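Colleague: For the protein sequence lines, the chains are A and B, in the order given.
For the first sequence, the positions run 1 to 267 when the working numbering is used.
For the second sequence, the positions run 1 to 259 when the working numbering is used.
The reader is advised that the hints may include incorrect statements.
[To be verified] For each label pair, taking beta carbons as the anchor points, the in silico distance ranges come out as:
1. B:Leu231 / A:Phe257: 55 to 65 Å
2. B:Thr98 / A:Glu135: 55 to 65 Å
3. B:Arg223 / A:Thr174: 42 to 52 Å
4. A:Arg23 / B:Gln245: 25 to 35 Å
5. B:Gly91 / A:Ala245: 50 to 60 Å
6. B:Trp170 / A:Gly202: 33 to 43 Å
7. A:Tyr87 / B:His253: 25 to 35 Å
8. A:Tyr87 / B:Gly91: 22 to 32 Å
9. A:Arg23 / B:Gly91: 20 to 30 Å
10. A:Asp206 / B:Arg223: 31 to 41 Å
11. A:Tyr87 / B:Lys99: 23 to 33 Å
12. B:Thr27 / A:Phe257: 44 to 54 Å
13. B:Trp170 / A:Arg256: 45 to 55 Å
Hints are computed from structural coordinates only; laboratory data are not their basis.
What you are looking at is a predicted structure, and each value in this text was computed from that prediction instead of being measured.
Don't be surprised by glycine CBs; every beta carbon is placed ideally from N, CA and C.
Spelled out from the first residue to the last, the chains are:
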Amino acid sequence: MTDFLNLYKAFLRISTTMMIQYRASGLIWMIGAVLDPIIFLVVWSVAARASGGTVGGMAPSDFAAYYIVLMLVNHLTFTWIMEVFQYRVQYGNFNAELLRPVHPIHMDIADNIAYKLVMTVVMIPAVVICVWLFEPNFVFIPWALAAALPAVLLAFLVRFFLEWTLALVTFWTTRTQAINRTYFGVLMFMSGRVAPIALLPGILQDVTSVLPFYYMVAFPVELAVGRLSPAEAMDGFMIQILWLAAALGIITSTWRFALKRFSAVGG
Amino acid sequence: MLRLMAVFFRLGMLNELAYRANFWVQTFESLINAIMVLGAVGVVFSQTNTLGDWMVWELTALCGVYFIMLGGINMILSPSLSQFIDDVRQGTLDFTLTKPEDAQLLVSISRVQMWKLLDVMLGIGVVGYAVRQLGDQISWTDASLFGVSLLLGGIIVYSFWIMLATLAFWFIRVENIFFIFWSMYNAGRWPVTIYPGWLKWILTAIVPIAFAVTVPAEAIAGRLSIDTLWLAVGLAGVLLVASRQFWKFGVKHYAGASA
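Assemble the whole structure, with the sequences as input and the hints as a guide.
Modeller: Have a look at this one:
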């Protein structure tokens, strides 16, 4: 265990230094992360005002609360694994990582945490400014806020393992663009980023409650803004844990398979 | 100039025809993108009848304009200018500069990704369908204004990209600046008029998405004010001249690394 902690300490030190070195590109990524939720915040607020103050029972200030928290949660749980994996395999950068005595996923986790640590200097001011600009109606329910923290952690783990597994498709084909696009499209709608799930058409809502996407972003958000009952929260945690177990199962079983398929291009 | 463009188009086509499976991948990607953009409009309008006094078919037309611009940029501008930035870094721009044609024109059209024409055609189809749904409200004046404002939008976007790309003569990692454009371009899926003042200002004055997407869409919806049109004409003229001057200034600065 201490070995493991030391490993992560070392990885985190490397990753953080790297993220600070490449801070300009890191900052540029943040524009989308901040702007996207603001766009939908504005769209839904305008729609609510046009339909007499509320849409689906939500006023502009409720949308503001929802999307500002979503901005934060989506930032904390997002990964860029699926975009970079193709290059890794194609250009052979993965060869070196595979030679390390530990699973390459650990370096990726460290990278992810380091980026988020470094970017808090952008995220926190962004959240503060948005609170000032959009006057959200935060309902503070202590138990729900406390529960939202483990929910975010579980959401991160589910999303990370699932996207890492999907990224392994690169071992079979290096043309993963189409798969990635489809995944991001589904994720946009089903994780509550286009609209809070309650505003989606009925059929989509039913599907969302069993698929993992809602639990990777919207569930912690709705929990934090006090839109869920204790029973709904418990259900949510159960499904998160089930999906985490499933994701871990899939990742360990496909990894060995995928490795056998791996043949570096170049390097 | 047209002859030169035709040559590069043919080259681009020949290049892409060598990888025919790519056609299906690209079609699929275009469709997924269209479903996402139009789906979001559908979800919003399942809850409301108007969005900042835009009706559902007017907004659909706006999405069409969004696809047309997206396709245009991805077909010519983005691949050509990425190539240009690479050339500056590697010093291979020398080969372009020594050609007996205008260098700015050459770098602007040197790479053509033919399949991206799909997005343009899809966009035209979406605009056409939306216009039919809008019924007889569209006059010939609106249609020609649409053509003009689309052209102006294209000129503005082109000048903007050329100016960003010219920065490559001084800075190394300019591709990242294009990423800023794309992050902002997402906001163009909705009329910029709905955004709060500061964001509207950024999308109009700093990154010209308002003129690229919203203004042509306003024209087709018959809601374009004559002031906005003149503003677009003025901006297109100024940016075109400014980008040309900036380009010339940049080329002078280029020393030709190795090669």
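Colleague: Please flag the earlier hints that this structure goes against, numbers listed from lowest up.
Modeller: 6, 12
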